[in-house]
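Q: Listed below, chain by chain, are the residues.
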Amino acid sequence: MEQLKENLKVAIIEALNLEDVSKEEIDNEAPLFGAGLGLDSIDALELIVLLEKEYGVKVENPEDGKDIFQSINTIAAFIEKNQK
Amino acid sequence: MKVYINSTSSISPQQSFDKEEYLKDWASHEGTYLKAQEPIYKDIINPRLLRRMSRIIKMGVATSLTALKEAGVEKPGAIIVGTGLGCIQDTEKFLSDIVTSEEGILSPTAFIQSTHNTVAGQIALLIGCNEDNFTYVNRGHSFENALMDGVLRIKEGSNNILVAGADEMTDEVAAIIKAMDYDQVDVWGEGASAFVLSVEGSETSVELVGTRSLNNLSEEEVSGEAIEFLSHHNLTSEDIDVVIVGMNKEEDSYIQAIKAVIPDTTLVNFKRVTGEFLTAVAFGYQLGVNALLTQSINDHLIIDKGEKTSFKKILVYNHYFGFNHSFGLLSK
Numbered sequence: 001m002e003q004l005k006e007n008l009k010v011a012i013i014e015a016l017n018l019e020d021v022s023k024e025e026i027d028n029e030a031p032l033f034g035a036g037l038g039l040d041s042i043d044a045l046e047l048i049v050l051l052e053k054e055y056g057v058k059v060e061n062p063e064d065g066k067d068i069f070q071s072i073n074t075i076a077a078f079i080e081k082n083q084k
Numbered sequence: 085m086k087v088y089i090n091s092t093s094s095i096s097p098q099q100s101f102d103k104e105e106y107l108k109d110w111a112s113h114e115g116t117y118l119k120a121q122e123p124i125y126k127d128i129i130n131p132r133l134l135r136r137m138s139r140i141i142k143m144g145v146a147t148s149l150t151a152l153k154e155a156g157v158e159k160p161g162a163i164i165v166g167t168g169l170g171c172i173q174d175t176e177k178f179l180s181d182i183v184t185s186e187e188g189i190l191s192p193t194a195f196i197q198s199t200h201n202t203v204a205g206q207i208a209l210l211i212g213c214n215e216d217n218f219t220y221v222n223r224g225h226s227f228e229n230a231l232m233d234g235v236l237r238i239k240e241g242s243n244n245i246l247v248a249g250a251d252e253m254t255d256e257v258a259a260i261i262k263a264m265d266y267d268q269v270d271v272w273g274e275g276a277s278a279f280v281l282s283v284e285g286s287e288t289s290v291e292l293v294g295t296r297s298l299n300n301l302s303e304e305e306v307s308g309e310a311i312e313f314l315s316h317h318n319l320t321s322e323d324i325d326v327v328i329v330g331m332n333k334e335e336d337s338y339i340q341a342i343k344a345v346i347p348d349t350t351l352v353n354f355k356r357v358t359g360e361f362l363t364a365v366a367f368g369y370q371l372g373v374n375a376l377l378t379q380s381i382n383d384h385l386i387i388d389k390g391e392k393t394s395f396k397k398i399l400v401y402n403h404y405f406g407f408n409h410s411f412g413l414l415s416k
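Protein chains in written order, with our numbering: chain A, 1 to 84; chain B, 85 to 416.
Honestly, the hints are just simulated from the structure, not real lab data.
Predicted model only: the values in this text are computed from it and were never measured.
Where hints are given, some of them may not hold.
[To be verified] List time: in silico BS3-like cross-link candidates among lysine-lysine, alpha-carbon distance up to 30 Å:
1) B:K108 with B:K389
2) A:K5 with A:K81
3) A:K23 with A:K53
4) A:K23 with B:K126
5) A:K58 with A:K23
6) B:K126 with A:K5
[To be verified] Just a sample of chain B residues kept apart from chain A, beta carbon distances all over 10 Å, derived:
7) E104
8) A111
9) R136
10) T193
11) C213
12) T254
13) Q268
14) E304
15) Q340
16) A344
17) G390
Glycine included, C-beta positions come from ideal geometry on N, C-alpha and C.
Using the sequences plus the hints, can you model the full thing?
A: Listed below in structure tokens is the structure:
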């Protein structure tokens, strides 16, 4: 699980081109949207693409996105639960 | 009514963005095209917005924000951008994503940013400008038509119009040009230049006296049109101190046609800086403004040196493969 979170951070930095952010700066529990990393709705779409491409996990219901993309912890839990 | 260029900014394959270093150190280039020397964008554009921008957007936005700042304009009367190929890097990314994902799920950013009007749109979003926002995509006249729109707006009562020209080159486009055997120019290039057009000028302004765009001219017609253009502005060839031309190869019959009717003037080739691309002429105008303000032109660009030591009137002539031709007149 910890390795998954570390890999996820690297993948997010790369996919969202967060040049000024290192993986050490991303707290597992910190919110990714708004106050945290300051991600926005386009980033949410990029994250959906990332999960499907890199982890083979689909976000079937867009309304679930708010809970899934809350933090690194919630994304990692979603991947672990749904990855086949 | 007069139209003044109150500020300019340019990113080109030579150092041109920092005006204190303007064309001072002549950089040699390797590779299939001249790549722009880009500034540190974090100093100019909010890093949070910067992360999604491709090179053409960064170049277009950075030069536009700098020109606006230099002119002391917070909200321009309109934003008008000319681009030949638009955001080709994002278009390539989007198309290659379609292929690699076998038409599956695609990254939204490249799609959103792949449209030609992204540059003008990003400028408007950054400065919160709700005025008219136009993008001209007219091959070798893309910048000229943007400039003409700006001039017409000034004449219709608007003020402080932001006009920019921007194009980026990619390895993919360079390879396609080569494969199509469309490589009949000395070198291809890229860059962006931005201008603020205003009703009133100052000591640091240059008057944009006029512009004219024409298509499909013979060399003889270019000679005639050059004289007619000057005559339309009550000038003769003797009144011109410098002619800035865009030669896409060093043996260019259209430039000889210009030289035949304006023989004793300083002749300058701006494409030695930019290489060839669809909006390269924007740098020609920026070079002209800079020459009038500093009374100097880098020796690397001079084809013929005239006898006049001070510059008051500069003719800009460009053509794109003999198809799109344009004239512009700058005065100080």
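Q: Look at each hint and say if it fits the structure.
A: Outcome of the hint check:
no.	hint	verdict
1	B:K108 with B:K389	holds, 19 Å
2	A:K5 with A:K81	holds, 14 Å
3	A:K23 with A:K53	holds, 20 Å
4	A:K23 with B:K126	holds, 20 Å
5	A:K58 with A:K23	holds, 24 Å
6	B:K126 with A:K5	holds, 29 Å
7	E104	holds, 27 Å
8	A111	holds, 25 Å
9	R136	violated, 7 Å
10	T193	violated, 6 Å
11	C213	holds, 20 Å
12	T254	holds, 17 Å
13	Q268	holds, 37 Å
14	E304	holds, 52 Å
15	Q340	holds, 48 Å
16	A344	holds, 52 Å
17	G390	holds, 48 Å
Checked against the numbered hints above, the structure breaks hints 9 and 10 and satisfies the rest.
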